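Undergrad: Residue numbers (this note's numbering), protein chains in the order written: chain S, 3 to 563; chain Y, 3 to 563.
Quick caveat, the hints were computed from the structure, so don't treat them as lab data.
Relax, there's no trap hidden among the hints.
As a list, the in silico DSS-like pairs of lysine-lysine whose alpha-carbon atoms are at most 27 Å apart: (1) Y/Lys-506 with S/Lys-493; (2) S/Lys-554 with Y/Lys-122; (3) S/Lys-506 with Y/Lys-493.
Just so you have them, the derived chain Y footprint on chain S, three or more residues with Cβ under 8 Å: (4) 48-57; (5) 71-85; (6) 104-115; (7) 447-459; (8) 497-504.
Remember, it's a predicted structure, so these values are computed and weren't measured experimentally.
All residues carry an ideal CB built from backbone N, CA and C; glycine is no exception.
Protein chains: 2
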Amino acid sequence: MGELLVGEYLLKRIQELGVKSIFGVPGDYELAFLDLILQAGIDWKGTPNELVGAYAADGYARINGVGVLVTTFGPGETSALCGIAGAYTEFVPVIHIVGYPSVKAQREHAILHHTLGEGKFNNYHEMSKQISCATTVLEDTATAASEIDRVLNALLLHGQPVYIGIPTDITFEKTRDTGLLVPLSKMLDPNNQGLESKILGDIGSRLENAKSPVIVVDGGATRHGVLSEVSDLITVTGFPVFTTPMGKGTVDEKCAQYGGTYVGVGSRDDVKDVVESSDLVLWIGMYPSDMNTGEFTVRVSKGDIVNFERFYTMIGGQKYPLKMKHLLRKLVDSLKSESVLPRQTKLACVPYGQEPEKPDGVITQSWLWPRLGKFLLEDDLVVVETGTAQSGFNASPLPSHITTWTQEIFGSIGYATGAMVGATVAFKEKGGRRSILITGDGSLQLTAQAIADLLRHGTNPIIFVLNNDGYTVERLIHGVEAPYNSIPPWKYTGLLDVFGPQTKSESYLVRSANELDSLLDNPSFGEPTCTKLVEIVLDKLDAPEATRKIGKAIEQFNKSA
Amino acid sequence: MGELLVGEYLLKRIQELGVKSIFGVPGDYELAFLDLILQAGIDWKGTPNELVGAYAADGYARINGVGVLVTTFGPGETSALCGIAGAYTEFVPVIHIVGYPSVKAQREHAILHHTLGEGKFNNYHEMSKQISCATTVLEDTATAASEIDRVLNALLLHGQPVYIGIPTDITFEKTRDTGLLVPLSKMLDPNNQGLESKILGDIGSRLENAKSPVIVVDGGATRHGVLSEVSDLITVTGFPVFTTPMGKGTVDEKCAQYGGTYVGVGSRDDVKDVVESSDLVLWIGMYPSDMNTGEFTVRVSKGDIVNFERFYTMIGGQKYPLKMKHLLRKLVDSLKSESVLPRQTKLACVPYGQEPEKPDGVITQSWLWPRLGKFLLEDDLVVVETGTAQSGFNASPLPSHITTWTQEIFGSIGYATGAMVGATVAFKEKGGRRSILITGDGSLQLTAQAIADLLRHGTNPIIFVLNNDGYTVERLIHGVEAPYNSIPPWKYTGLLDVFGPQTKSESYLVRSANELDSLLDNPSFGEPTCTKLVEIVLDKLDAPEATRKIGKAIEQFNKSA
Numbered sequence: 003m004g005e006l007l008v009g010e011y012l013l014k015r016i017q018e019l020g021v022k023s024i025f026g027v028p029g030d031y032e033l034a035f036l037d038l039i040l041q042a043g044i045d046w047k048g049t050p051n052e053l054v055g056a057y058a059a060d061g062y063a064r065i066n067g068v069g070v071l072v073t074t075f076g077p078g079e080t081s082a083l084c085g086i087a088g089a090y091t092e093f094v095p096v097i098h099i100v101g102y103p104s105v106k107a108q109r110e111h112a113i114l115h116h117t118l119g120e121g122k123f124n125n126y127h128e129m130s131k132q133i134s135c136a137t138t139v140l141e142d143t144a145t146a147a148s149e150i151d152r153v154l155n156a157l158l159l160h161g162q163p164v165y166i167g168i169p170t171d172i173t174f175e176k177t178r179d180t181g182l183l184v185p186l187s188k189m190l191d192p193n194n195q196g197l198e199s200k201i202l203g204d205i206g207s208r209l210e211n212a213k214s215p216v217i218v219v220d221g222g223a224t225r226h227g228v229l230s231e232v233s234d235l236i237t238v239t240g241f242p243v244f245t246t247p248m249g250k251g252t253v254d255e256k257c258a259q260y261g262g263t264y265v266g267v268g269s270r271d272d273v274k275d276v277v278e279s280s281d282l283v284l285w286i287g288m289y290p291s292d293m294n295t296g297e298f299t300v301r302v303s304k305g306d307i308v309n310f311e312r313f314y315t316m317i318g319g320q321k322y323p324l325k326m327k328h329l330l331r332k333l334v335d336s337l338k339s340e341s342v343l344p345r346q347t348k349l350a351c352v353p354y355g356q357e358p359e360k361p362d363g364v365i366t367q368s369w370l371w372p373r374l375g376k377f378l379l380e381d382d383l384v385v386v387e388t389g390t391a392q393s394g395f396n397a398s399p400l401p402s403h404i405t406t407w408t409q410e411i412f413g414s415i416g417y418a419t420g421a422m423v424g425a426t427v428a429f430k431e432k433g434g435r436r437s438i439l440i441t442g443d444g445s446l447q448l449t450a451q452a453i454a455d456l457l458r459h460g461t462n463p464i465i466f467v468l469n470n471d472g473y474t475v476e477r478l479i480h481g482v483e484a485p486y487n488s489i490p491p492w493k494y495t496g497l498l499d500v501f502g503p504q505t506k507s508e509s510y511l512v513r514s515a516n517e518l519d520s521l522l523d524n525p526s527f528g529e530p531t532c533t534k535l536v537e538i539v540l541d542k543l544d545a546p547e548a549t550r551k552i553g554k555a556i557e558q559f560n561k562s563a
Numbered sequence: 003m004g005e006l007l008v009g010e011y012l013l014k015r016i017q018e019l020g021v022k023s024i025f026g027v028p029g030d031y032e033l034a035f036l037d038l039i040l041q042a043g044i045d046w047k048g049t050p051n052e053l054v055g056a057y058a059a060d061g062y063a064r065i066n067g068v069g070v071l072v073t074t075f076g077p078g079e080t081s082a083l084c085g086i087a088g089a090y091t092e093f094v095p096v097i098h099i100v101g102y103p104s105v106k107a108q109r110e111h112a113i114l115h116h117t118l119g120e121g122k123f124n125n126y127h128e129m130s131k132q133i134s135c136a137t138t139v140l141e142d143t144a145t146a147a148s149e150i151d152r153v154l155n156a157l158l159l160h161g162q163p164v165y166i167g168i169p170t171d172i173t174f175e176k177t178r179d180t181g182l183l184v185p186l187s188k189m190l191d192p193n194n195q196g197l198e199s200k201i202l203g204d205i206g207s208r209l210e211n212a213k214s215p216v217i218v219v220d221g222g223a224t225r226h227g228v229l230s231e232v233s234d235l236i237t238v239t240g241f242p243v244f245t246t247p248m249g250k251g252t253v254d255e256k257c258a259q260y261g262g263t264y265v266g267v268g269s270r271d272d273v274k275d276v277v278e279s280s281d282l283v284l285w286i287g288m289y290p291s292d293m294n295t296g297e298f299t300v301r302v303s304k305g306d307i308v309n310f311e312r313f314y315t316m317i318g319g320q321k322y323p324l325k326m327k328h329l330l331r332k333l334v335d336s337l338k339s340e341s342v343l344p345r346q347t348k349l350a351c352v353p354y355g356q357e358p359e360k361p362d363g364v365i366t367q368s369w370l371w372p373r374l375g376k377f378l379l380e381d382d383l384v385v386v387e388t389g390t391a392q393s394g395f396n397a398s399p400l401p402s403h404i405t406t407w408t409q410e411i412f413g414s415i416g417y418a419t420g421a422m423v424g425a426t427v428a429f430k431e432k433g434g435r436r437s438i439l440i441t442g443d444g445s446l447q448l449t450a451q452a453i454a455d456l457l458r459h460g461t462n463p464i465i466f467v468l469n470n471d472g473y474t475v476e477r478l479i480h481g482v483e484a485p486y487n488s489i490p491p492w493k494y495t496g497l498l499d500v501f502g503p504q505t506k507s508e509s510y511l512v513r514s515a516n517e518l519d520s521l522l523d524n525p526s527f528g529e530p531t532c533t534k535l536v537e538i539v540l541d542k543l544d545a546p547e548a549t550r551k552i553g554k555a556i557e558q559f560n561k562s563a
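In isolation and in its complexed conformation, chain S is listed as follows (with noise of 0.2 Å):
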């Protein structure tokens, strides 16, 4: 038994959780602590502003598990919380460590710089608490560490993020280290036996009965860890499988079974009618979201649904505090194991139909979609941004092994570049290749700082900017040529030698389809040789068919009070 600081001992426990880089911004009270990471054999990696750090750690999280943001009390930690917001709505176990002022000058009321002016010290610690799934601010060095291990046991539990108060003088008292003789809980308990056997039961009677069962893979399958269970239910049923927007990429698109995306009313009518006319569709980890619903246009009856989530189960609209990732798990074992496998059911629809002739001249979406999806490899980290992007994306076919995702429920613009800077790291890391960004002009205006960290980590990523003169998403759902839909023109092309002057890259302008075509096809564009940037220009009112109903669905909606 020894001791350690405070500050040690946080980092060893994130340590534990394998975390090799931490993102943030330095800040006064914080850059004591900034050392012991150092210390640590830990990576920091600044981010020009917080809001690109908390979209960092949540990129990072996304591939490592669990990402890290440091930030300064007040200014710091307050410019984070839409970064944070995100994760939490999206089930990104995200840590956000907070440097205070020591507990001394709090308990004096000083009024000190970062703070409201008024010698309080809760206000900040108030407003994340609403966004996150716990928090502490260290106070007592005899309760520092059980504190630090309360909050990161709910992190692990619920995948959501967290908040670490750790004052300037606490970060450097010493505490006893025999917590960590006690891992953290990275499993969740297991379900009671008795309903888990009872439901099994129920379950493969269903199974059973089916006419035309589908599975339906949606964002709770990455976002609460299944895809290894969802991957073998898929191979062991042999069922027609559909993934929502949320839920794409999760599921190997070449597989034979697969189908397509389906978002209610945005779905290709063939996949539409299969999902809706399934008498059994197992949904694994639904987000019931407007955006993820095609503005809650799923047409599925409930009673033929078993909606597989992270702490219940639930079997016709009945809810059982069975967690989904031992449930499906028994589920591919009986299935494996019983004489009467499920029978394979064909598949009535091709996930992508016919490839779009390539447009003449100027780049159309309809077009875009199937060719970018062409263009990915096996392995590829591709990070969408929300608006056009997201829901274009749909209609990219993907390889084998992708990674992807994109911010389906929250949807904060800008979130797709700060993302990216976390996930590259992250993808590096575990020994990624090629890394692709896709985002808008209007979304990149907000976070386009973060190039500089994409072009400073050297991980070469390619990013496609698409150039539509504004939000367009926004001129579908309201205000089709309304001077607020507008933004500056950027000469995009520029960007990557003002971020990165004395780093190599590459930037590319492409108007017409032939000229994208060409490059995509040249295979040393391809290659991760250093960062490159494709500023695609597309018709200021052309949009994927999926944003141009779902638009219209969403104003429909705004206005059905």
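Assemble the complex: chain S is given as a structure, and chain Y must be docked to it using the hints.
TA: Using the frame of chain S, we list chain Y on its own:
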């Protein structure tokens, strides 16, 4: 008596407050409200992200009196919180309008995009309550107009931000216009006459007996709107006058009574001597924060201070509920009319000492700030970033009639560039001519995209970027050579071309004192004919003397627990 839409009612009130431009980022829950803004004849000034929007609204409010930010629910509003928190701290009246989902959708607990995915709609409102003097989310047409009035009157009373959530449906419902017959309360209620007379007498006899009285003008003088009263007080008393860092620029520095900046240990020795040996300090709008007091090193005895505040006045440590706005005016009037005027007191210090010699090569901070001061003209607007610039600017002598500030208490790096957007818009609306931004490389990287707005609004500012290769102010506090205080090198002189390729601009890189001196001497450079950016290369560890002293005091304070 007639009717109008709730959204129109809100905009009528905003126009009553003299607002001509509104800042923000469009989002689908607010798009229709933006139509009403255009219809009302108010300029919509879209910003590249919400943090820049919040800073812009703050900058606009500091010149115009009130500023308005419009964001969408969730990601939009939470991205702006740091900017609103800064406005709260520094008493800047910003109205934050948030486009909410319809009341109907809220009551149905719909899982909408931009929510936290839990069917709740109050979380973001709870967050903003921590940093607003009043908030409302309009839920009912019957009370909407009075809720708007309640919140806007609080804005005027406290001079701090308010939050107004306006759901898509309520925006377009009808309300009666009778409320508009009663104007918003722009004036504070008068003081209790008896108490006021008694205290005026008390102050009068203190003035008579004082041997070495001085006036210290602090941030509250501007923030609580008593500049004209203070100016008269200076004239009528003839006392030596000093400013704190937050008060910098609020006193005519060309006036013979002006003695310089008082900031505890960070002051020049002669300034420190005069203020600290005074037996009566009339302190206007005191902000006793660390940065504004040289890390709590002000050494003036409480018994010798008359501290004038927004809602109270403190004499020798005793607090009286007398608002300074009225009390100062009465004090000035009584001093004017009295037969025995307080005698003129000779100033025992010169504000800036001897002008430093121009260095042969590299630009030094000790030469830079006096030189930049000499460049300034009467009627200029100068927005100064926190950090190095904030300290250094105290060594810049100012011409008369200058408008300038820095975010002294909240101290969010990145603020100045964003605030400059709103400041220049308001300045132009009021007929202002030349505007100047002084920022650092680390700070600029947080909100660099704001430059695109500076370019498109045609206000032709001059931007000085102090490039000292990272967070120098942090280096001086802790981690002189630590990697976390480094930032990626950008090509700052390429920014104007990238952010405004279609706008005329000029960029300069200066590395020596001679180069900068010639540039500043060139009359055509000083003309606001287009946006100009000057990258000033400085030594990594050079800093204004005050920064150095205060940096050390901060680290000491952080450790002193």
